[in-house]
Amino acid sequence: MTMTEAPLLKISDVRKRFGATLALDGVDLAVRRGEVHSIIGENGAGKSTLMNILSATVRPDGGSIRFQGTTYHPGDPMDARRHGIAHIHQELSLCPHLSVAENIFLGIEPRRYGWLDRRALNQQAADILKTFQHPAITPERPVAELTIAACQIVEICRALAQRASLILMDEPTSSLQHADVERLFHSIRQLRDSGISIIYISHFLEEVREIADTCTVLRDGKSVVTGPLGDVSNQELISAMVGRPVNDLFPARGPAATAECALEVQNLSAPGVYNASVQVRRGEILGIAGLIGSGRTELLRALFGLQTTHGGNITVFGQPLLPQSTPEARIERGIGYLSEDRKGEGLALALSVADNITLTNFSPCSHWGWIDLTGQLKQAQKRADSVQVRAGNMNDAVQKLSGGNQQKVAIARLLHQGCEILLLDEPTRGVDVGSKAQIYELIVSLARSGKAVLMVSSYLPELFGICDRLAVMSRGHLSPALPIGAWTPETVMQAAIASTE
Amino acid sequence: MKRWLQTFGPFFALLLVIIIFAAISDNPGRFLSLANLRIVLAQTVIVAIGAVGMTIIIVGGGIDLSPGSTIALTGVTCALALQAGWTPLMALAAAVLVGGVVGLLNGMVITTLRVVPFIATLGMLGIARGVAKWISGEQTVNAPATWLNNLTVASPSPSWLLVSPGVWIALALAVLAAIMLRRTVFGRRVFALGSNETAARAAGVHIMRMKLLIYSLGGLLFGLAGVMQMSRLRQGDPTVAVGVELDIIAAVVIGGGSLAGGEGSIRGSLVGALIMAFLRNGCQQMGWPNYIQEIIIGSIIVLAVAADRLRHSRLQAGA
Numbered sequence: 001m002t003m004t005e006a007p008l009l010k011i012s013d014v015r016k017r018f019g020a021t022l023a024l025d026g027v028d029l030a031v032r033r034g035e036v037h038s039i040i041g042e043n044g045a046g047k048s049t050l051m052n053i054l055s056a057t058v059r060p061d062g063g064s065i066r067f068q069g070t071t072y073h074p075g076d077p078m079d080a081r082r083h084g085i086a087h088i089h090q091e092l093s094l095c096p097h098l099s100v101a102e103n104i105f106l107g108i109e110p111r112r113y114g115w116l117d118r119r120a121l122n123q124q125a126a127d128i129l130k131t132f133q134h135p136a137i138t139p140e141r142p143v144a145e146l147t148i149a150a151c152q153i154v155e156i157c158r159a160l161a162q163r164a165s166l167i168l169m170d171e172p173t174s175s176l177q178h179a180d181v182e183r184l185f186h187s188i189r190q191l192r193d194s195g196i197s198i199i200y201i202s203h204f205l206e207e208v209r210e211i212a213d214t215c216t217v218l219r220d221g222k223s224v225v226t227g228p229l230g231d232v233s234n235q236e237l238i239s240a241m242v243g244r245p246v247n248d249l250f251p252a253r254g255p256a257a258t259a260e261c262a263l264e265v266q267n268l269s270a271p272g273v274y275n276a277s278v279q280v281r282r283g284e285i286l287g288i289a290g291l292i293g294s295g296r297t298e299l300l301r302a303l304f305g306l307q308t309t310h311g312g313n314i315t316v317f318g319q320p321l322l323p324q325s326t327p328e329a330r331i332e333r334g335i336g337y338l339s340e341d342r343k344g345e346g347l348a349l350a351l352s353v354a355d356n357i358t359l360t361n362f363s364p365c366s367h368w369g370w371i372d373l374t375g376q377l378k379q380a381q382k383r384a385d386s387v388q389v390r391a392g393n394m395n396d397a398v399q400k401l402s403g404g405n406q407q408k409v410a411i412a413r414l415l416h417q418g419c420e421i422l423l424l425d426e427p428t429r430g431v432d433v434g435s436k437a438q439i440y441e442l443i444v445s446l447a448r449s450g451k452a453v454l455m456v457s458s459y460l461p462e463l464f465g466i467c468d469r470l471a472v473m474s475r476g477h478l479s480p481a482l483p484i485g486a487w488t489p490e491t492v493m494q495a496a497i498a499s500t501e
Numbered sequence: 001m002k003r004w005l006q007t008f009g010p011f012f013a014l015l016l017v018i019i020i021f022a023a024i025s026d027n028p029g030r031f032l033s034l035a036n037l038r039i040v041l042a043q044t045v046i047v048a049i050g051a052v053g054m055t056i057i058i059v060g061g062g063i064d065l066s067p068g069s070t071i072a073l074t075g076v077t078c079a080l081a082l083q084a085g086w087t088p089l090m091a092l093a094a095a096v097l098v099g100g101v102v103g104l105l106n107g108m109v110i111t112t113l114r115v116v117p118f119i120a121t122l123g124m125l126g127i128a129r130g131v132a133k134w135i136s137g138e139q140t141v142n143a144p145a146t147w148l149n150n151l152t153v154a155s156p157s158p159s160w161l162l163v164s165p166g167v168w169i170a171l172a173l174a175v176l177a178a179i180m181l182r183r184t185v186f187g188r189r190v191f192a193l194g195s196n197e198t199a200a201r202a203a204g205v206h207i208m209r210m211k212l213l214i215y216s217l218g219g220l221l222f223g224l225a226g227v228m229q230m231s232r233l234r235q236g237d238p239t240v241a242v243g244v245e246l247d248i249i250a251a252v253v254i255g256g257g258s259l260a261g262g263e264g265s266i267r268g269s270l271v272g273a274l275i276m277a278f279l280r281n282g283c284q285q286m287g288w289p290n291y292i293q294e295i296i297i298g299s300i301i302v303l304a305v306a307a308d309r310l311r312h313s314r315l316q317a318g319a
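Taken in order, these protein sequences are the chains called A and B.
Quick note: the first sequence, position 258, residue 258 per the numbering used here, numbers continuous.
Quick note: the second sequence, position 45, residue 45 per the numbering used here, numbers continuous.
Treat the hints loosely; a few may be bogus.
To be verified - As a list, the in silico SDA-like pairs of lysine to any residue whose alpha-carbon atoms are at most 25 Å apart:
no.: 1; chain 1: A; residue 1: K343; chain 2: A; residue 2: V278
no.: 2; chain 1: A; residue 1: K343; chain 2: B; residue 2: G243
no.: 3; chain 1: A; residue 1: K222; chain 2: A; residue 2: H186
no.: 4; chain 1: A; residue 1: K343; chain 2: B; residue 2: R114
no.: 5; chain 1: A; residue 1: K343; chain 2: B; residue 2: V116
no.: 6; chain 1: A; residue 1: K343; chain 2: B; residue 2: D237
These are calculated hints, taken from the structure and not from any lab test.
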């Protein structure tokens, strides 16, 4: 392979804006024939948008893409496939009721006058499957019986059946066991050696080093580093991923007073969480960093009783919490949970602001099951004022409010229910910058007034801006919590993408 | 073992129903007689033809609540055409086509207006019933006697037919539909659509065209079921076949069809239709009042859907 050969894919200055967010802000990269090109970057850096542009589910606003020497301007996903670009999504897209062969050739079935030529179908599928030699995969087997790893092989075979020359893989190892990762890498090398190019998206530097030849780092929608992997060190890659200015959104704050331990978690295990231990004291904000899918949300949900636990102890203000106690019982013990999915499970969007604030605790504004509407309005107004909700009327539906005000309503509810331990999952997701600053101030002032805060965030600057201590979650393992001063964005990133044995 | 049970489970259920009624009947000889068998088969024809269409729709991940009304509408259409002096064959074709148009409209509302199938066809349930009453002047339409009336008689006139001609028609259509679902590219794509619509779309399957075809095919079959209804009553009745869609859906689900799509078989659905028919016939023979039948059939529907859920959760756990 010579360096002078024209690249298979050349992307220049591609841009894309979704409403107010600039998803891609000038991406340049080139992929040669028969190479594995890795794209890395934090959550939200624009990796998925770029892949969706290549597979034609999203149209770019500007820039140019050349594929196989000509301008690439696909009309729809089918058109992209005809050009030879196959996209393997993070969540697999197979039809579980159909057989392996039927899935591989779905949309391009061998046929005679509309009749399915089943013999040719199974024969051609067997030919493609031969490359991978996976014992469990036979053409006639229903896909519902296969493991996730085997399904991935079927997806790759589907890409081969369309004679793809470029395969996009979006975090293909996120749900695989170690042995399956090895098998997948073996398959990827086979594809590469046969002249097929692969764009491989991953968070894990070790994986990238093992499988990729070249790489591009995306940060805030821009390609900041691109080139052969041999030329850059892991340190350089990490600082390219996180290097962005921390703005002054964050309130000034003094040190947290050492006070009584509010929440103690010992060796907690749940689906996606292994032996997590952490202590949160009154008056402090403890942050949990980590990648999406690393088990952070699962940990918070397990603490709030929304997910069954396999083992471990939870102690609340010195009293043990039974593993089978319901969220309702946990609210009574002073635990409050702010969901990352505000629209889906955080708020009842069609109900009024007042209803949403008082939803988890009607007792101060009801008598014998009857809601005292005046009292409810008064109490809701008080809570709303204390968190600076900007709403015309407490009777307005919560869906009329901006994202920031909705989030403040959700926090006001935690206060109304008398919550002492706040479990906050991505408290500033989908919130405008102005409201963000107010929410940071609110969280800090709540902590300083004696509440304990456990906060999960994907946005490192905000963790550094308001947390007193920080722990990092990586593939279900929670690191020890260290004072915030002991971390740098680089060490956090390193811990987040470390592959734990 | 699991797959074996799924294939033959409905047959066992059918045998069980027959055995139970034969056992509790004062006159098991009459219940099991050839004459009664003919009656049951003739009674099954409408639900069986409907179940063939419904199987295609349900396997494709859809649902249709309008067959009962469509049957009334097309039955009235057939009777009106006969009254107007059309030949029986033309009247039959007109009724079937009207059914196809109803199905096409369902498909268009579902694909272009993006209304979920449940609501779209619930709307059509009202609309088709209303049109049936409108064009019939809210009265039964008397049709001149033609060979159409012989389609559903229990004892056919050339005795070598053994069972009513409608039974043979239903059987032939079932065989055709089963071959189509299994052996043609279209049939496999119906399964793909019901199994994972996003995946099918990503694989380049033309979803909109598929859905229009599926609901139209279903409609054509419901139209034919309407002709059978007219044949049985010997007149077009705009108020007939209320709730028949539930019998049809129940037949498909009892026969192994999954309301989540991607699963189901014509053979299973026919057995499901027979189970419903033997249940009704058995209850009648026992002299049980109508309400007992309704309670039993209602329970069977709930049980069948519960079994569907159970099967589904096990499938997910196994994956």
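Hints versus structure:
1. K343/A x V278/A: Not OK: K343/A and V278/A at ~29 Å, beyond 25 Å, violated.
2. K343/A x G243/B: 38 Å, violated
3. K222/A x H186/A: 31 Å, violated
4. K343/A x R114/B: 23 Å, holds
5. K343/A x V116/B: 22 Å, holds
6. K343/A x D237/B: Violated, because 50 Å separates the two Cα atoms, which is more than 25 Å.
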